[in-house]
Amino acid sequence: MGLPIRVLIVEDSEDHALLILRQLAGNGYAPVSARVETAEAMRAALDSQPWDIVIADHTLPSFDSLAALALLEQRGLDVPFIIVSGTIGEETAVAAMKAGAHDYIVKSARGRLVAAIERELHESARRREMREVARRREREAEALALIALETAENLALPVLTQCIAERILVLFDATSACVRLKDDDDRLVAVALAGAAASALDPGHALPWGTGLVGRAAAGCRMVWTPDILHEPDVGAFADDLRLHRETLGLRAVLAAPLRAGDVAFGTLAIGDRRSRHFTEAELSFFQALADQSALAVRNGQLLAREQAARAAADAANRAKDEFLAMLGHELRNPLAVIGSAMAVLDRIGSREEAAARARRAVTGQTRHLGRLVDDLLDVARVTAGKITLARQPIGAPSIGERGVAALDSTAAGDAWGRTPRRPAPRPTAPGRRSRRARRSSAAG
Numbered sequence: 001m002g003l004p005i006r007v008l009i010v011e012d013s014e015d016h017a018l019l020i021l022r023q024l025a026g027n028g029y030a031p032v033s034a035r036v037e038t039a040e041a042m043r044a045a046l047d048s049q050p051w052d053i054v055i056a057d058h059t060l061p062s063f064d065s066l067a068a069l070a071l072l073e074q075r076g077l078d079v080p081f082i083i084v085s086g087t088i089g090e091e092t093a094v095a096a097m098k099a100g101a102h103d104y105i106v107k108s109a110r111g112r113l114v115a116a117i118e119r120e121l122h123e124s125a126r127r128r129e130m131r132e133v134a135r136r137r138e139r140e141a142e143a144l145a146l147i148a149l150e151t152a153e154n155l156a157l158p159v160l161t162q163c164i165a166e167r168i169l170v171l172f173d174a175t176s177a178c179v180r181l182k183d184d185d186d187r188l189v190a191v192a193l194a195g196a197a198a199s200a201l202d203p204g205h206a207l208p209w210g211t212g213l214v215g216r217a218a219a220g221c222r223m224v225w226t227p228d229i230l231h232e233p234d235v236g237a238f239a240d241d242l243r244l245h246r247e248t249l250g251l252r253a254v255l256a257a258p259l260r261a262g263d264v265a266f267g268t269l270a271i272g273d274r275r276s277r278h279f280t281e282a283e284l285s286f287f288q289a290l291a292d293q294s295a296l297a298v299r300n301g302q303l304l305a306r307e308q309a310a311r312a313a314a315d316a317a318n319r320a321k322d323e324f325l326a327m328l329g330h331e332l333r334n335p336l337a338v339i340g341s342a343m344a345v346l347d348r349i350g351s352r353e354e355a356a357a358r359a360r361r362a363v364t365g366q367t368r369h370l371g372r373l374v375d376d377l378l379d380v381a382r383v384t385a386g387k388i389t390l391a392r393q394p395i396g397a398p399s400i401g402e403r404g405v406a407a408l409d410s411t412a413a414g415d416a417w418g419r420t421p422r423r424p425a426p427r428p429t430a431p432g433r434r435s436r437r438a439r440r441s442s443a444a445g
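Residue 91 in our numbering is what sits at position 91 of the sequence shown, and the numbering runs on without skipping anything.
Treat the hints as calculated values from the structure; they're not laboratory data. Being a predicted model, the structure only gives us computed values, none of them experimental. All C-beta atoms, glycine included, are put in the ideal place defined by N, C-alpha and C. All clues given are correct.
Pair ranges (Cβ atoms, derived): (1) Ser-48 to Glu-14: 12 to 22 Å; (2) Val-32 to Leu-146: 37 to 47 Å; (3) Arg-306 to Ser-276: 34 to 44 Å.
Could you build all of it, start to finish, from the sequences and the hints given here?
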């Protein structure tokens with residue numbers, strides 16, 4: 001059985017067309033062909049099926065090779081186009097090559113035809129591969145950009161990981177997808193499930209770290225995969241995977257990549273397929289790129305969650321402190337009120353003893369002082385709770401000093417023991433350390 005090849009022949013001579021087909025068959029090909037000699041027939045042939053190569057005579061009664069080439073170009077088809085003619089001149093051949101023809105062969109050198117066809121088929125396959133690589137890279141770039149956008153918009157960890165699992169499932173046309181994160185007990189806990197995993201497993205399903213295919217991907221911080229877990233040489237080592245993937249999920253092909261921060265894995269991204277499937281190098285590379293980008297997004301989500309938890313704890317501590325201050329203020333105010341009332345009663349009753357009077361004044365003064373402290377404490381509690389708004393106003397430094405001195409004087413003047421505040425006397429100047437002013441006065445005398 002020869003190598004299949006679909007050949008569209010633009011030729012008005014059936015004999016010449018048969019000669020081309022016999023030449024191909026004699027060189028190991030099994031050609032499927034159609035012969036056309038008008039523009040309408042060529043359009044119909046192009047619509048009927050894809051072609052591997054077009055071979056055209058230059059001159060036909062109502063058609064020519066340049067018109068056939070133009071039809072091919074109009075369709076945007078990248079199909080090798082070879083002119084085989086005995087009437088084409090050099091200038092016309094050059095013009096045809098500039099217009100997009102891949103080669104031209106004179107009929108007297110028809111022996112070159114098969115070699116030219118093989119060369120152009122190889123070049124065509126290479127161009128298709130390059131286009132496919134470009135399209136794949138474009139799709140991958142779009143997918144990475146889309147995941148980056150979705151994860152940036154959804155920093156809440158549960159939403160973010162679920163978005164990743166669902167996106168990976170679609171991108172790889174997989175049956176199942178799962179995101180797992182390491183917990184404090186060194187287990188891989190499922191935090192997001194998509195496809196078959198969502199219906200077969202519960203969120204929070206845990207796998208031991210380092211065991212099974214997914215566990216080994218995390219422990220080794222490297223990608224691990226199998227095209228068919230049932231046909232693994234060391235199938236005994238896959239006992240846990242067999243039970244999970246085959247019996248629970250019905251999967252055969254499994255691919256797992258670590259979610260890593262530097263060289264340390266903190267989770268896994270895994271997909272599975274019910275089919276036996278060989279992952280290409282391009283798919284493996286793309287999957288690890290997706291895992292690395294997902295790891296960055298998940299890490300950011302974890303940091304955000306920790307920050308929010310710390311902020312909530314700090315807010316709770318602040319509220320508890322404010323509540324304690326308010327409670328303390330009220331608890332202190334109650335006995336102070338009783339003391340104040342008792343002192344008022346004693347003042348009304350009066351006492352002949354001067355010492356008792358001084359004691360009452362002392363208690364009264366300290367009660368007032370404690371009352372001011374309690375008021376300040378309650379004001380602080382109200383400010384931190386947002387019940388009082390402080391308004392900033394400019395004030396001069398001398399004014400602050402005067403108020404401070406007045407406050408100290410009033411406190412001292414209220415000393416219940418009858419003591420009169422005294423300002424300290426000026427300190428005498430030590431010998432040999434007179435002030436500059438004193439030295440000047442001495443010199444002037």
